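Chemist: Sequence:
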Amino acid sequence: MIRSEQIQNAALLWQEHRDAEFPANLRGVEVEDIDMVLLDADTAGCASTWINNGGTLDPQRRRILQSCVEDLGRVIPQISDPSGHQYYQRLHQLALLISGAVDAK
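1 is the number of the first residue of the sequence shown in this note's numbering; add one for each residue after it.
Please note that a few of the clues may not be correct.
Claimed, not checked - Have a look at the derived ranges for each label pair, beta carbon to beta carbon:
no.	residue 1	residue 2	range
1	E16	L38	18 to 28 Å
2	S4	D33	31 to 41 Å
3	S80	T56	16 to 26 Å
4	T56	G28	17 to 27 Å
5	H85	G28	11 to 21 Å
6	T56	N25	33 to 43 Å
For the record, the hints were derived by calculation from the structure and aren't laboratory data.
Values in this document were obtained by computation on a predicted structure and should not be read as measured data.
We put the beta carbon where it would ideally sit given N, CA and C, even for glycine.
Go ahead and model the full structure; you've got the sequences and the hints to work with.
Modeler: Structure follows, in C-alpha coordinates:
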(Lines of atoms letter the chains of each structure in order from A; the text may use other names.)
(Lines give C-alpha, C1' and ligand atoms only; values in the text may rest on other atoms or scores of the structure.)
Protein backbone atom coordinates (compact mmCIF):
# COMPACT_ATOMS: atom_id res chain seq x y z
CA MET A 1 0.00 0.00 0.00
CA ILE A 2 1.41 3.39 -0.92
CA ARG A 3 1.77 6.14 1.67
CA SER A 4 -1.13 8.29 0.38
CA GLU A 5 -3.48 5.28 0.60
CA GLN A 6 -2.33 4.61 4.16
CA ILE A 7 -2.97 8.22 5.13
CA GLN A 8 -6.37 8.18 3.42
CA ASN A 9 -7.38 4.92 5.12
CA ALA A 10 -6.17 6.21 8.48
CA ALA A 11 -8.04 9.50 7.96
CA LEU A 12 -11.28 7.61 7.29
CA LEU A 13 -10.85 5.46 10.40
CA TRP A 14 -9.88 8.54 12.39
CA GLN A 15 -13.03 10.38 11.30
CA GLU A 16 -15.14 7.35 12.19
CA HIS A 17 -13.47 7.23 15.60
CA ARG A 18 -13.99 10.95 16.20
CA ASP A 19 -17.67 10.61 15.33
CA ALA A 20 -18.13 7.74 17.81
CA GLU A 21 -19.21 8.47 21.35
CA PHE A 22 -16.78 7.46 24.07
CA PRO A 23 -18.21 4.46 25.97
CA ALA A 24 -19.62 6.00 29.15
CA ASN A 25 -19.07 2.82 31.16
CA LEU A 26 -15.30 3.05 30.52
CA ARG A 27 -14.91 6.66 31.66
CA GLY A 28 -12.74 6.75 34.78
CA VAL A 29 -12.03 3.01 34.47
CA GLU A 30 -8.69 1.21 34.48
CA VAL A 31 -8.29 -2.14 32.75
CA GLU A 32 -5.06 -4.04 33.40
CA ASP A 33 -3.88 -0.88 35.27
CA ILE A 34 -4.38 1.15 32.06
CA ASP A 35 -6.54 4.29 32.23
CA MET A 36 -8.99 3.89 29.34
CA VAL A 37 -9.53 7.63 28.73
CA LEU A 38 -5.78 8.26 28.67
CA LEU A 39 -5.22 5.32 26.31
CA ASP A 40 -7.81 6.79 23.95
CA ALA A 41 -6.29 10.28 24.20
CA ASP A 42 -2.69 9.10 23.69
CA THR A 43 -3.61 6.99 20.67
CA ALA A 44 -5.78 9.76 19.24
CA GLY A 45 -2.98 12.29 19.62
CA CYS A 46 -0.58 10.06 17.69
CA ALA A 47 -3.17 9.37 14.98
CA SER A 48 -4.05 13.03 14.54
CA THR A 49 -0.40 14.06 14.42
CA TRP A 50 0.52 11.31 11.93
CA ILE A 51 -2.34 12.24 9.59
CA ASN A 52 -1.72 16.00 9.85
CA ASN A 53 2.04 15.55 9.31
CA GLY A 54 1.58 13.61 6.08
CA GLY A 55 2.38 10.23 7.59
CA THR A 56 5.29 11.03 9.89
CA LEU A 57 5.77 10.85 13.65
CA ASP A 58 8.66 12.07 15.76
CA PRO A 59 10.56 9.43 17.80
CA GLN A 60 8.71 10.21 21.05
CA ARG A 61 5.28 9.80 19.45
CA ARG A 62 6.45 6.58 17.76
CA ARG A 63 7.29 5.21 21.23
CA ILE A 64 3.93 6.38 22.60
CA LEU A 65 2.11 4.80 19.65
CA GLN A 66 3.92 1.49 20.12
CA SER A 67 2.99 1.50 23.80
CA CYS A 68 -0.64 2.22 22.87
CA VAL A 69 -0.69 -0.67 20.38
CA GLU A 70 0.57 -3.01 23.12
CA ASP A 71 -1.86 -1.64 25.72
CA LEU A 72 -4.81 -1.89 23.34
CA GLY A 73 -3.91 -5.51 22.65
CA ARG A 74 -4.01 -6.16 26.41
CA VAL A 75 -7.25 -4.33 27.25
CA ILE A 76 -9.51 -5.20 24.33
CA PRO A 77 -10.02 -8.85 25.36
CA GLN A 78 -11.08 -7.57 28.82
CA ILE A 79 -13.85 -5.28 27.49
CA SER A 80 -17.18 -7.09 27.66
CA ASP A 81 -19.46 -4.23 26.58
CA PRO A 82 -20.03 -4.50 22.78
CA SER A 83 -19.93 -0.73 22.14
CA GLY A 84 -16.76 -0.32 24.22
CA HIS A 85 -15.19 -3.31 22.52
CA GLN A 86 -16.00 -1.89 19.08
CA TYR A 87 -14.74 1.57 20.06
CA TYR A 88 -11.34 0.28 21.21
CA GLN A 89 -11.09 -2.30 18.41
CA ARG A 90 -11.39 0.52 15.86
CA LEU A 91 -8.79 2.53 17.78
CA HIS A 92 -6.48 -0.50 17.78
CA GLN A 93 -6.98 -0.96 14.03
CA LEU A 94 -6.06 2.70 13.50
CA ALA A 95 -2.98 2.41 15.74
CA LEU A 96 -1.84 -0.74 13.92
CA LEU A 97 -2.31 0.89 10.52
CA ILE A 98 -0.20 3.89 11.55
CA SER A 99 2.35 1.77 13.37
CA GLY A 100 2.79 -0.43 10.30
CA ALA A 101 3.19 2.61 8.09
CA VAL A 102 5.73 4.16 10.48
CA ASP A 103 7.71 0.91 10.62
CA ALA A 104 7.67 0.59 6.84
CA LYS A 105 9.38 3.97 6.34
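Chemist: Would you pick out the hints that fail for this structure and give their numbers low to high?
Modeler: Hints 3, 4 are the ones this structure does not satisfy, whereas the remaining hints hold.
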